[in-house]
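Protein chains in written order, with this note's numbering: chain A, 1 to 468; chain B, 1001 to 1304.
Source of the hints: derived by calculation from the structure; they are not laboratory data. This structure is a prediction, so every number in the text was calculated from the model and none was measured. Ideal placement from N, C-alpha and C gives every residue a C-beta, glycine not left out. Wrong hints could be hidden among the right ones.
Below, a list of computed lysine to aspartate or glutamate pairs in the DMTMM-like style, where the Cα atoms sit at most 20 Å apart [claimed, not checked]:
| no. | chain 1 | residue 1 | chain 2 | residue 2 |
| --- | --- | --- | --- | --- |
| 1 | A | Lys219 | B | Glu1148 |
| 2 | A | Lys457 | A | Asp245 |
| 3 | A | Lys457 | B | Asp1067 |
| 4 | A | Lys315 | B | Asp1067 |
| 5 | A | Lys361 | A | Glu140 |
| 6 | A | Lys76 | A | Glu369 |
| 7 | A | Lys457 | B | Glu1066 |
Covered stretches of chain A, going by a simulated chain B footprint (3 or more residues, C-beta under 8 Å) [as the list claims (entries may be wrong)]:
| no. | stretch |
| --- | --- |
| 8 | 96-103 |
| 9 | 432-439 |
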Amino acid sequence: MEKLKHLMILVLCLGFTFTVLAGCSTDEDAAGNESAGQENEAVEVVTITAQAPSPETTRVDNLVRAAEMLNEELEKEGQNIRVEVETQMFEGSWEDYYRQFMLAFQSGKEPDIYVASHPNTGWLADGGYIQPLDELKESEAYADVYPVLWDAVTYKGHVWGAIQDTEARPVFYNKNILREMGWSEEEIESLPEKVKNGEFTLDDLLRVAEEAVSSGAAKYGILHRPVNGPDFQVMLYNFGGQLYDPEENKIVFDKEAVLKQLSFFHEIAQKNLIPEGLLSMEWSNIHSMVVNGEVLFYFGGIWNIYNWGQDDFHKELGKVDPEWVMENFGMMLYPAAEEGGQPITLSHPFAYFVSSNAEHKDLIVRLLEHVIHPDLQTIHNVETYHLPVTESAAEHPDYKANITLGDIAYMTEYTTFLPNHEGYEPYSNAVFKAIEAVQLGRQTPEEALEALEVQLKNDLRDQLTILE
Amino acid sequence: MEKTQRFSLYLRKWGLPAFMLSPFMILVTVFYFLPVILIVVLSFTSMGSAMRWDFIGFQNYRFLFEDPNLPTILTNTLIYVSFTLGINVLFGLTLALLTTYFIQKESIGLFFRTIWMLPRMSPPVVYVLLWLWFFDPSSYGVLNSIRELMGLPPTMWLVNQPMTAVILANGLIGASFGMIIFSAAIKSIPQDLFKAAKVDGAGHWSIIKDIILPALRWPIMFVTIWQLLSLLTSYEYILLLTNGGPGFDSTVLALYSYHKAFQFFEFGYGAAVSVVLVAVAIVLTVMLWKLFGMQKIERGARID
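Chain A on its own, in the form it takes in the complex (with noise of 0.2 Å):
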């Protein structure tokens, strides 16, 4: 009996120790940030980390092309250093990947470079997650970026951010169904230049989307996206209205401007320009219902062409490719709201953020300054349907020669940001349902507005500025 029970207490410390032990190794690789080269002594091999969300890998292997390129440049200058990059791509949803960064951050694993969009840049930048790239606007490599993108990456008068790629978020126009409408083929071509230089207004778009339904030659005028997202702050800047104020670092609240986006989504539901049930419908609803014809205009997104290949959202087509998109689509931008007035889009731009432990910044920002050339920018924007950041990526062949991107390029001149504030998003969580509650006729645009003032006020209390 003595005897059993010594056996089990040596059984259990050894379980338990085993346990122990077992839980308190690291993987030594994972932590690791600098490791000397096998190969040769005298070089030293720098690995910085890098990681971007899925799907679009070329963000990161386009790090590992430019770390090639920064290693011959070494070489030439006769230093012992190497840079290697590794990649990692995360799949979860975007809360997801903000929340593994922080966790990451404050174990002391996060990567080096993290590949985010824009309007992250506040909380990043004030959680003391990542440092300053002022001398990114200095140098050579970013001369050329287009001037406004420098505004997506600027928080408190610095910047913060390597900008990366941008995109357009065009209206697409069914060609087919203003044929039925009976415009003629120069009407449709010339629509987009007429937004532009606006001609062709907001107004127009409604009454246009109307006739169409009223005509029967569209089941439905317009389409936005089912979930929040970007697109619906297109309308409150295309109302005159502001959403941040720099001086001051607050979101605010332009009443008069949001009464007027409120009634703009109101609107549109009242006169069944958009199918009842809009917000609560898949992605993949709005896909078939824009690809099979049933919908006018659509405010989309450039990379939907690339959707549109991947699924078989038409009917008898299945997967549509590009050309078949050019044929049947036009793009333009969101038309101004009064005549003569400014078209409008908006970007939501990535870019580089270099953690604030990263050691090796200098190495890092010539890194960056390599992966910004044209080719590399044209291997993404080609692959993924972005835009470029640079005039001399825009000019590049092969991104001139994409039957697609070469066309709305100039949307970027137009283009207009989300605040970079961290108080945005439950600002626009709050301006989403109330467009919710106006769309499915619970609130009039009015009752929604008060509705949003207490909810706002209660949400972001001293970060909120109200206009009235």
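Once you've looked at the hints, dock chain B against the given chain A.
Just chain B, lined up with the frame of chain A:
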């Protein structure tokens, strides 16, 4: 001298049990008590995305009680928990009766019980995708396709009846838990009782009312309390199905806490919501414990 002796005696008596229990005590402390303490402490901070512990006293609680959505969210929580609990228990009971009492052949009963276990075995995302497809507002959705066959226009199920959808999805999946517990309890009732009842000419209703239900008293109470606590803190199916919308129509307290903490990264505020949830759960548990007289459960079985 005597003291040392007493100590060694004490050690001999309690040393081994303490040593044997210590891993579990450590686990319970680390995974049960510490999180609750942390959440309470966190609820007094303004911790946001920068993850700093800045103490702000009771401000989060003040904001919570001034929150314009709180009345809606509390009402939703009440509706969601009570109706889903009703389905969980009553439907679970019905399933158990059907598959153990009415279907006497074990293999067939087992087959049907397994079918009802399937949603529990499938990942929530897959399960909810089926419901989303079922309720889709376009004419491609299952329910709307049926309406279309009857010449009716498509309707927005998840917009018009979000709570019904959430309760149905959660109720059906939760029923399998009650079904398993009740089936096992029904099976443990001695067959003699059924035979004797039949000889006496008792009908089905009388057998259920006078034999089965009294034997199921404790399992029913256990399932009710257990499911109540799980439902109070469950939000994943709501998150996937309606994400609390439209507006706040299907947002419950647990989901609100999740949104605040993990969508807007207001960890302090989210923690305050969680603390309220923990308090509600404790109060309800104590109330039900007293109401059901659960302390008597440890007494001997009523049958055998």
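Consistency of the hints with the structure:
1. A:Lys219 - B:Glu1148: 17 Å, holds
2. A:Lys457 - A:Asp245: 16 Å, holds
3. A:Lys457 - B:Asp1067: Between Lys457 (chain A) and Asp1067 (chain B) the Cα gap is close to 10 Å, so the pair holds against 20 Å.
4. A:Lys315 - B:Asp1067: 47 Å, violated
5. A:Lys361 - A:Glu140: Within the cut-off at roughly 18 Å; holds.
6. A:Lys76 - A:Glu369: 17 Å, holds
7. A:Lys457 - B:Glu1066: At roughly 10 Å apart (the allowed maximum being 20 Å), Glu1066 (chain B) and Lys457 (chain A) satisfy the hint.
8. 96-103: Per the Cβ count (3), the hint holds.
9. 432-439: Holds: 3 residues of the stretch 432-439 of chain A have a Cβ under 8 Å from chain B.
Checked against the numbered hints above, the structure breaks only hint 4 and satisfies the rest.
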